[in-house]
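Q: This is what each chain is made of:
2 protein chains.
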Amino acid sequence: MGISVDTFFLNPQAQGTLQAQIQQMIAEGILSGRFHVGEKLPSSRKLAAHLGVSRITVTLAYTELLANDYLTSRGRSGYYVSDNAPVPPRYTPLRRGAETVDWDRAIARRFTLGDWLDKPADWRDHRYPFIYGQTDPTLFDHANWRRCAVRALGQKDFASLTADYLDRDDPLLIEFIARHTLPRRGIHARPEEILITLGAQNALWLTSRVLLDRSRKAAIEDPCYYALRELLVQSRCRLAPVPVDGDGLPPEAVPGDTDVIFTTPSHQSPTTATMPRARRQALLDRAEEIDAMIVEDDYEFELSFLGAPSPALKSIDRDGRVIYVGSFSKSLFPGLRLGYLVGSEPFIREARALRSMVLRHPPGHIQRTAAYFLSLGHYDAQIRRMSATLLQRRQALEAAIAAHGLTIAGRGVYGGSSLWMRAPEGVDTADLARRLQDRGVLIERGAPFFAGPERPGNFYRLGYSSIPTERIAPGIEHIARAIDESA
Amino acid sequence: MGISVDTFFLNPQAQGTLQAQIQQMIAEGILSGRFHVGEKLPSSRKLAAHLGVSRITVTLAYTELLANDYLTSRGRSGYYVSDNAPVPPRYTPLRRGAETVDWDRAIARRFTLGDWLDKPADWRDHRYPFIYGQTDPTLFDHANWRRCAVRALGQKDFASLTADYLDRDDPLLIEFIARHTLPRRGIHARPEEILITLGAQNALWLTSRVLLDRSRKAAIEDPCYYALRELLVQSRCRLAPVPVDGDGLPPEAVPGDTDVIFTTPSHQSPTTATMPRARRQALLDRAEEIDAMIVEDDYEFELSFLGAPSPALKSIDRDGRVIYVGSFSKSLFPGLRLGYLVGSEPFIREARALRSMVLRHPPGHIQRTAAYFLSLGHYDAQIRRMSATLLQRRQALEAAIAAHGLTIAGRGVYGGSSLWMRAPEGVDTADLARRLQDRGVLIERGAPFFAGPERPGNFYRLGYSSIPTERIAPGIEHIARAIDESA
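Chains A and B, in that order, give the protein sequences.
Using my numbering, the letters of the first sequence correspond one by one to residues 1125 to 1611.
Using my numbering, the letters of the second sequence correspond one by one to residues 1125 to 1611.
Do not rely on the hints blindly, as some may be mistaken.
Pairs count within a copy or across copies, as identical chains cannot be separated in the list.
[To be verified] Using 16 Å as the maximum straight-line C-alpha spacing, the simulated EDC-like pairs for lysine to aspartate or glutamate come out as follows:
hint	residue 1	residue 2
1	K1243	D1288
2	K1341	D1415
3	K1243	E1223
4	K1280	D1260
5	K1243	D1562
6	K1170	D1265
7	K1164	D1130
8	K1243	D1555
9	K1170	E1376
10	K1341	E1354
11	K1280	D1443
12	K1164	D1193
13	K1243	E1188
14	K1164	D1207
It is worth saying that the hints were derived from the structure and are not from the lab.
Given only the sequences and the hints, what does the whole structure look like? Please build it.
A: Pasting the structure below:
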């Protein structure tokens, strides 16, 4: 590919001769790495016509660059970036005027203040990745996913690939969710009660913006998924963290002036506690009593390899009080960005309008690919395969933990993909995680899950969805040793 | 695919015998369309074990349904949904308790109040679709897009397909934008100054949320892209609509207390006016004088088939004052949902954090597919092909308009994909559009582009990116006749 003539502009305010300006543009292109060794320059005739200068000016500039070894000429075929041209440093900051904008003033709202878990980008290169929520290539059915994606790229699906989806989502995907996915959770919903979202995070965000404002109060579990707390803090609603116990969120502890209750009954995040049926009913009763809405994040319900999952809270909701959040990201892959909301029509209508304003809609191709993957049964097969492997890993993990005398603070009775752990008092797991990372062991510190200001520092999470079974025992040995060193 | 046992739950609060409940679950499944003719029921043994009831209870329920012709039995192979089972109405509302939630109270903020252009979902079935921003299948290089998508589904790209992209975007796509796309607009940017967004809409939304709050003022063009005005209204900032003229936004008319100026210098939306270079510089000077930021939406710059495009406003920005919004949706397809923001690092950092909170990141597969399509040169080839066709259509359109004496209110001097039209005073183009739709002609009414409350009702937009050249003249004839009938 030659260098396009369109990349050249003369700056009317620039200093120096036209020839010098042209030379400088080309040299800067090479130095900044935009033009690569061996790339062909536009002909002097073309560049001269494009810039509106005489051809001799361009030729003189090229000749000068030839002498400086920026360019090389290949007889009549033209000028090329020379093999000997200065090698660009990878993305050197380009010469520009010093920016005069006062960003502290220009930025009206900051979003970078939150406490996030940092996952090293090279986590796959670590020997013992007890990380959470990532895809294990050995468990993901990449071949069938690709087949479904290719099918969704076919002529027949042209409209679903290319069109706008403003007023509706992919009807195939919606139908599958309504007829197959939700009934397994005991939920009956019409298409108008379902909205496809860009993952569960997007579903939670949309819900918070429709149901909350500064005057309203949200109750959250403590500890809870840190990104949920962060987005509620940003919404500037009032926030009531409610400490969870071994059965999840205690209904009687939800403040009476709460407007929206966020809960994870299937596997409490991060403690993995499962809320018993009686408490689910009690939570619904409490919500009715104080006239609060409930947002149920039903993540990971599919990974119930230790026992049948309870029906969703939404399945015993007679009032339309429960907004249900589902996701395919955990069981497929996080980069998919596909989740859904189930709720009453007036709510879904507002959430859809907000979604339109913020991002229009999740890309059609992804919706259609997922619809094929689900309806052809690949999804169920993958869940079965994942469950069998996760069961093995879970057993290896619990055995290794017992052998080394580590303490489990929470374990999902139905399954899941992580354990919630407690190190001895005084152990700072942020420091522990740093030390372990040097030895190839990745764990997640627990502090970001807690509401401030007094956060316990000695919890951590062990994910087992990405670590091979045989690495679990030696990995746990590293952790036990590192904890001993802390004491 | 048989009916999964997981879709069955007994409701602990249900009335009636266990047998009756099981019968009812199955009948409801058939009546609601969840269970299809010919699908196999779980064996009585399996279902009994799952529900924790005796096997004879399930068998009795099945026998009863057999008698009612809901089910049929095929000897020893089990029970199936009968061919004669009642055919479900498509998604009958399911029997549920009346919802008691007061949605007027529960919804904190409404997003459904805006004025949107309604595009009929079946627009492809209309003979004369003068609609805007949709993909013409004869112009889109579907075959190479599919090839790139398949390549991006390969084993080598597994990580980019499946992984989280929180702190960065696809490096291939970013590199292409930095080295090839932006230099064509005269813009030099480092990777840290670029953020991939879910289309231009998402880019504008993120920008508005970072730069504006209730205390700040945004200046917008009047008329302007209605979805931009809508998202600013929702942000609750103060809004100053500034009437545009034939050269776009007049800098001297921007109020002195403006914090952010939203502008479309390349093709003003919707009038298609192109801002001359001198005015661009004057706009930058005005922004510096009043210390305002500028958001430049550079949509459609590629479709400059009538003349070379001017460099972007961002290219003459020395201060870092301009935030640049680019998009691939117009030139590829709107369902792609891929755009980008270019701005100074402090701004991009906040926009990225906000994007993470709202939707995490645009799906990796789409980013990688676009990177391949761009870097293999298919994108440029497509733009050339589109431009040649759009030029033909534009000429046919201008000729037909002249022949019928219709009035063009704005035409992009460089190209574009639409004309901005004015009907005689007193013609209501909303009504005109309705009448034309019955004759297979789709035009866009102009009122939603204007800031209220006194909106002119006689403007309309004619897109020519989806209508075949030979349909243009007869389509314009219909429009001229319908306007005559209004008079």
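Q: State for each hint whether it applies.
A: Structure-based check of all given hints:
no.: 1; hint: K1243 - D1288; verdict: between (34 Å within a copy, 10 Å between copies)
no.: 2; hint: K1341 - D1415; verdict: within (12 Å within a copy, 38 Å between copies)
no.: 3; hint: K1243 - E1223; verdict: neither (32 Å within a copy, 43 Å between copies)
no.: 4; hint: K1280 - D1260; verdict: between (32 Å within a copy, 15 Å between copies)
no.: 5; hint: K1243 - D1562; verdict: within (14 Å within a copy, 57 Å between copies)
no.: 6; hint: K1170 - D1265; verdict: neither (51 Å within a copy, 28 Å between copies)
no.: 7; hint: K1164 - D1130; verdict: within (14 Å within a copy, 63 Å between copies)
no.: 8; hint: K1243 - D1555; verdict: within (15 Å within a copy, 56 Å between copies)
no.: 9; hint: K1170 - E1376; verdict: neither (77 Å within a copy, 38 Å between copies)
no.: 10; hint: K1341 - E1354; verdict: within (15 Å within a copy, 27 Å between copies)
no.: 11; hint: K1280 - D1443; verdict: neither (41 Å within a copy, 49 Å between copies)
no.: 12; hint: K1164 - D1193; verdict: within (14 Å within a copy, 76 Å between copies)
no.: 13; hint: K1243 - E1188; verdict: neither (50 Å within a copy, 57 Å between copies)
no.: 14; hint: K1164 - D1207; verdict: within (12 Å within a copy, 69 Å between copies)
In summary, the structure is inconsistent with hints 3, 6, 9, 11, 13 from the numbered list given earlier, while agreeing with the others.
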